[in-house]
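Spelled out from the first residue to the last, the chains are:
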Amino acid sequence: MQETYEIVLKIRRYDPDSDRSWIHNYQLETGRILRFTDLFRKINTELDSTLAWNSSCEHGQCGTCSVKINGRPMLACELLVENAVEDFETTEFFIEPLTIAPVVRDLIVDFDKAYERIHKIKPYIIKSAENPDSGNEYKISPRHLERFVDATRCINCFCCATACISSHHNFLGPNALMASIVRLMDPREEAIKERIALLYSEEGVYRCHTSKACSFVCPKEIDVAHFIALAKSGDFQSEV
Amino acid sequence: MAGKLRISSTLNCDVLVIGAGGAGLRCAAEILEKKPDTKIVAVTKVPHCQKSHTSTAQGGLAAVDPKDPVDKPIYHMFDTWKGSDCMGDQNVIKKIVEAAWEQIVWLENKGMHFSRNEEGGLGKRTFGGHTVRFGEASAYRAVYEADRTGKGIMDSVWGETLRGGISFVNQTIATELLLKDNQCVGAVLFCQRKGKFVAVCAKATVFASGGNGQLFRVTTNCRQNTGDGLAIVLNAGLPVMDPEAVQFHPTGIVGPGILASETLRSVGGILRNKDLEPFMEKYAPKMKELAPRDLVARAIETEIQEGRGILNPDHNIEHVWIDLRHLPDDVHKVQIPEVTSFFKKYINIDPKLHLCPVHPSNHYQMGGIPTNEFGEVCNTDGKIIPGLYAVGECAAASFHGFNRLGTNSILELITMGQFVGERVVESLSDHLPALPGDAGEKSFALFSAYLAQTGKDNLEKIREQSRALMTEKVGVFRTQKGLNQAMEALKALKERAQNTALACSSLKMNPELILRWELDNLLSVSFLTAACALNRRESRGGHARRDFPERKDEFNYHTVAGMTEFATVELKKRAVDMSILESECEHCERFGTIERTY
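Protein chains in written order, with our numbering: chain A, 12 to 251; chain B, 112 to 709.
Since the hints were derived computationally from the structure, they do not count as laboratory data.
Fair warning: there could be bad hints in the mix.
[What the hints assert, rightly or not] Stretch by stretch, here's where chain A covers chain B in the computed footprint (C-beta under 8 Å, at least three residues):
(1) 156 to 162
(2) 218 to 224
(3) 269 to 275
(4) 530 to 540
(5) 597 to 603
(6) 648 to 658
[Unchecked claim] Incomplete in silico selection of chain A near chain B, CB under 10 Å:
(7) Arg31
(8) His35
(9) Asp49
(10) Thr102
(11) Pro134
(12) Ile176
(13) Ile207
(14) Ala208
(15) Tyr211
Since this is a predicted model, take the numbers as computed values, not measurements.
Just so you know, even glycine gets a beta-carbon here, dropped at the ideal spot from N, CA and C.
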């Protein structure tokens, strides 16, 4: 087992004060199980304190550290050096910010802009369906929950939206659509018409070209394309 | 380049919420439900509230279902009291436990995707320390959303507040609390993306800034939890309660510190040292690996301190092993798949084939900003500061005392969040207060000094040294000598932090500038924690003194500590509320100063 690696990170930088963009090469000697977030920190400590990047939980639960690594959108906290070298068959990595929102500085994008699409689909129960057992929880069978529970695992890292081959400008994007589809499959939601109207609007599911890139890149391994396919066929309620 | 610093705009609102995690937003949702036209501004350090630390909570939420034929609220109160090592405030324990189920139903009705039982109701599971009939048997008391209960809560309260018309100010820090005539009138914010200071004038300010796990080198906490909230409160001349009460989870994965759940030990995982000796037999001959969290953490730490740890070269952290190799395939596949995947994903180890490295990981701060049972913040003399509230991990009411039970933390977020919201609505004045004339001056002085610093020291290295020091000397075990050394070393680091010229002087999204500010907060809260740990010459809950291993009745009080100037700590006491014991209720006699043995 190789214990250390010599790697090169080619990072796309952006300085908002001078509105200048460039590629900065960082050479690092690193242990095999450091994650890419550890490498960014190592750069800050040893080479360049100005490199700006985002993270929060750093264990794949929040979706803050998403970047493009050799073209592929992924969570930097989940990529280990030795896996990266094996998977990409190189020790050089080109790292760019996500493309779904304007860049603020270096690898940090404007998540306010990215989230506008999620807010547009209303990620909550718009109107509560009547609860036969008022004052208690709704009864939802495990089988029914099973149909859409995978989609509720989405952390809005925007890797899918970045990988999507449809235009970003007039398409709500896979994660936003999926958040609405969850509520269409959730018996507690009554505002079906409003949800359907947006889902099948100009910005909705029919912008999807079914490349399935969303499913392919999802760090949570959610089959996003499956849920979009359900929406295309209007199949929200049928039992398994 | 930064010119002269100034307030670029002033925002007026009814309620300012500082920290948009589970507690802050549950509070905001309550306010919007009770008084829908309330103008609320919620500030978060992360790029979006969904990225808050609440989202990482795994296990579940403890709540007694009134339909449960066996479980009763009094059992939950007893477990919490016993778990707290007789330091939880009984009025708060009673209030939270009695409100718990209603809050679960609220979350479910708002769309949280709880795991279900066969009948379609909420599934329940057992959790360490939660029992029926005062310790007789395990209680099925924890409702949950698979292994992502915190995310379920976060998504629900985010959705509800969004629906209610809250305004979010993201990737923004609060740098200064604004007090006028002993009343809180708002705060000064620094919006990182724009690089601008904003003054917020608010009728009520709710502090919900979360934990401070980054004080320690190995932690389960997210990167943002650098003690900012407590530092701002200290700077405003207000106290912090019980900062020495810190919980360490025994098995954090080396090096990120990610939590490897208790389940690993309950399914038969064996802890081994560098000689592969199964060492828990020495510390807890009967319960071995199944002993409570704090006991296991102390056993692991002892092994490491006595030279029987193993050094991980990549992360430069000493650890012990947890051995899962002997467990049958179906246990790996069915009972511990998530944790197994963590080992694979973050350190490339297959627990079926290899030993897994673990180290005690800082997990939770039981102490925080002192409040009463309504979340109203109290000053050093116990007087309420009008207009200021605190809730969640940054606050101490105190529900957890000196040791928190699993599944009680996110319960506290939502119940206290609701109580605080209720109280804010009741107390909201019709008039907007005036801001003090010098609003922002403290922040400008601080940030100008940061930008003008000279010297070649390295901020990241200073931070790492501080965190390593805290893990080593103010961590699982503490001694008088170690604590004194830590305090001296922290003073030296504080000096060194001033000799660090920033490479970039921009105000816009400048990570170094924020790191410099965080470092001051980190050092302040670290110093306070060490000073209070030094003062408490006993061992209780998460606070373990090697030189004073027993709990002592003379310390049956909360520490209330102020620190307006770095390293000048003022200590006071607050009595522990014993109202259940003093009441005439059935079983009240069990709520005296009891032994915490399992």
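Give me the numbers of the hints this structure contradicts, sorted from smallest to largest. Of the numbered hints, 4, 5, 6, 7, 8, 10, 12, 13, 14, 15 do not hold.
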